[in-house]
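Whole structure, please, built from the sequences with the hints as guidance.
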Amino acid sequence: MMSFDLLVRDVDGLEDADLARWIANSWVKPERADGRYVFEEIDIARVHLIYELRQELDVNEAALPVVLLLLDQLYDVRRHLLEIGVAIAETEPAGLHRVLQVIAERRSGR
Amino acid sequence: MDDPYKTLGVASDASQDAIRKAYRKLAKQHHPDLNPGSPKAEELFKQIAAANALLSDPEKRAQYDRGEIDAAGQERAQRPSYREHADGTAGDRYSRGAGGQGSWDAGDLGDIFGSMFGGGRRPGGAFRTDGSDERYVLTTDFLEAVNGATRRLTLPDGRVLDVKIPPGATEGLVMRLRGQGGPGRNGGKVGDALIEIHVAPHPFFERRGQDITVTLPISLSEAVLGGPIEVKTPRGPVKMQIPPGSDSGTELRLRGRGVPQSPGHAAGDLYATLRVMIGKPDDALSDFVRDWKPHDVVNPRGKMESVA
Numbered sequence: 005m006m007s008f009d010l011l012v013r014d015v016d017g018l019e020d021a022d023l024a025r026w027i028a029n030s031w032v033k034p035e036r037a038d039g040r041y042v043f044e045e046i047d048i049a050r051v052h053l054i055y056e057l058r059q060e061l062d063v064n065e066a067a068l069p070v071v072l073l074l075l076d077q078l079y080d081v082r083r084h085l086l087e088i089g090v091a092i093a094e095t096e097p098a099g100l101h102r103v104l105q106v107i108a109e110r111r112s113g114r
Numbered sequence: 006m007d008d009p010y011k012t013l014g015v016a017s018d019a020s021q022d023a024i025r026k027a028y029r030k031l032a033k034q035h036h037p038d039l040n041p042g043s044p045k046a047e048e049l050f051k052q053i054a055a056a057n058a059l060l061s062d063p064e065k066r067a068q069y070d071r072g073e074i075d076a077a078g079q080e081r082a083q084r085p086s087y088r089e090h091a092d093g094t095a096g097d098r099y100s101r102g103a104g105g106q107g108s109w110d111a112g113d114l115g116d117i118f119g120s121m122f123g124g125g126r127r128p129g130g131a132f133r134t135d136g137s138d139e140r141y142v143l144t145t146d147f148l149e150a151v152n153g154a155t156r157r158l159t160l161p162d163g164r165v166l167d168v169k170i171p172p173g174a175t176e177g178l179v180m181r182l183r184g185q186g187g188p189g190r191n192g193g194k195v196g197d198a199l200i201e202i203h204v205a206p207h208p209f210f211e212r213r214g215q216d217i218t219v220t221l222p223i224s225l226s227e228a229v230l231g232g233p234i235e236v237k238t239p240r241g242p243v244k245m246q247i248p249p250g251s252d253s254g255t256e257l258r259l260r261g262r263g264v265p266q267s268p269g270h271a272a273g274d275l276y277a278t279l280r281v282m283i284g285k286p287d288d289a290l291s292d293f294v295r296d297w298k299p300h301d302v303v304n305p306r307g308k309m310e311s312v313a
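Protein sequences, first through last, are from chains A and B. Going letter by letter, the first sequence gives residues 5 to 114 in this note's numbering. Going letter by letter, the second sequence gives residues 6 to 313 in this note's numbering.
Hints are computed from structural coordinates only; laboratory data are not their basis. Since the structure is predicted, the reported quantities are computational estimates derived from the model, not experimental observations. Glycine included, every Cβ here is placed at the ideal spot set by N, Cα and C. One should not assume that every hint holds.
Said to hold, decoys possible - Pairs of lysine-lysine residues, derived as DSS-like cross-links and limited to a Cα-Cα distance of at most 27 angstroms, are as follows:
1. B:Lys30 <-> B:Lys11
2. A:Lys33 <-> B:Lys194
3. A:Lys33 <-> B:Lys33
Claimed, not checked - Chain A regions said to be covered by chain B (calculated; three or more residues, Cβ under 8 angstroms):
4. 42-49
5. 81-90
What the hints assert, rightly or not - Label-pair restraints from in silico Cβ distances:
6. A:Arg25 <-> B:Ser17: 39 to 45 angstroms
7. B:Lys33 <-> A:Leu100: 36 to 42 angstroms
8. B:Val243 <-> A:Gln59: 45 to 51 angstroms
9. A:Arg36 <-> B:Thr144: 40 to 46 angstroms
10. B:Glu176 <-> A:Gln77: 51 to 57 angstroms
11. B:Ala16 <-> A:Arg40: 46 to 52 angstroms
12. A:Arg36 <-> B:Ala16: 50 to 56 angstroms
13. B:His203 <-> A:Arg25: 40 to 46 angstroms
14. A:Arg40 <-> B:His203: 35 to 41 angstroms
15. A:Arg13 <-> B:Arg29: 24 to 30 angstroms
Right under this line is the structure:
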């Protein structure tokens, strides 16, 4: 967990105004406690990522929402997939076989 | 590691601008947070980032070109990966599905299974691990350690820490900066940064506990006639009176001018040991000494002879 000030100091070159704007745009969504922002690990990593997209990969702030939207959707899918992966790992071989069969039928029926 | 120029696909005389452009182009393609689940992209990105870290710094690049450093060892520590968190339940915060988790339509399964399913990795939400403590060595100069200072330390991952060195810091002092170490995972605590202070020697001051010693050169006339001279102390110059007839080796004490007071330690003193400098041969001095008839003739080695 990190405060606003600490995070700004943590990311070399990041300005207060940048981070405030990113929060206002909902690109970063830190929790609030006692009127102060509290950044969890994922928020910190996201700020690093956005900063890297901006600075190193030259993505401008006009294009950034599109990039983040696509990224967030990608990670939504990945989280679902990983959940399914866990479910499959615990599925009986017979049940798994049935699932794969259904997939194969659907694909060939298209 | 491979030739960093080859990794970035630039000529060895490429301009800094060309290197930056080449890095950007490759990083856009292979950034691991944009290619989650692709170990190949991750490995490639590491190499690209390491090559860029080396070549984007003109000083390091020149050292590499001269063969003083090799391409290895330039890898930057991994910064916190967005992917690791986004893959876990923490990622729900940034979910774009209307109902968050609930937006999952089982009907989509076929598409996904058929085209994408590889080996299942456990979601990140499972284990809470605390971040590790990370150790760094900070070399300060002698006076910074004595008087205290704030030093800026850039970590391998690019983070910058302002380290407050307390007055009277000694060699080997370890300072703990809470929450500045390795990141915790899945809600684990962030580790601490442990900064070990290494004090570089000073050209003329030496430390003896809380006291500081210095050898103070004086001229022959200052030694014979005495008088005020200026002495450098760790906190600036101080005027001091030399008694007439001071020998080489005389130790003078400047009270409270050593290491400043700190919790548990009183301020130390500065001990100046005089050293008479005769200087280059001087005819007038030689003539004077040749004709000089001392009042009391003293054998300076008298004590040594009585022992033998």
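Okay, the hints, checked on the actual structure:
no., hint, in the structure
1, B:Lys30 <-> B:Lys11, "holds (14 angstroms)"
2, A:Lys33 <-> B:Lys194, "holds (20 angstroms)"
3, A:Lys33 <-> B:Lys33, "holds (24 angstroms)"
4, 42-49, "holds (count 6)"
5, 81-90, "holds (count 10)"
6, A:Arg25 <-> B:Ser17: 39 to 45 angstroms, "holds (41 angstroms)"
7, B:Lys33 <-> A:Leu100: 36 to 42 angstroms, "holds (38 angstroms)"
8, B:Val243 <-> A:Gln59: 45 to 51 angstroms, "holds (50 angstroms)"
9, A:Arg36 <-> B:Thr144: 40 to 46 angstroms, "holds (41 angstroms)"
10, B:Glu176 <-> A:Gln77: 51 to 57 angstroms, "holds (55 angstroms)"
11, B:Ala16 <-> A:Arg40: 46 to 52 angstroms, "holds (51 angstroms)"
12, A:Arg36 <-> B:Ala16: 50 to 56 angstroms, "holds (51 angstroms)"
13, B:His203 <-> A:Arg25: 40 to 46 angstroms, "holds (41 angstroms)"
14, A:Arg40 <-> B:His203: 35 to 41 angstroms, "holds (37 angstroms)"
15, A:Arg13 <-> B:Arg29: 24 to 30 angstroms, "holds (26 angstroms)"
Going down the numbered hints, you'll see the structure goes against none, and every one checks out.
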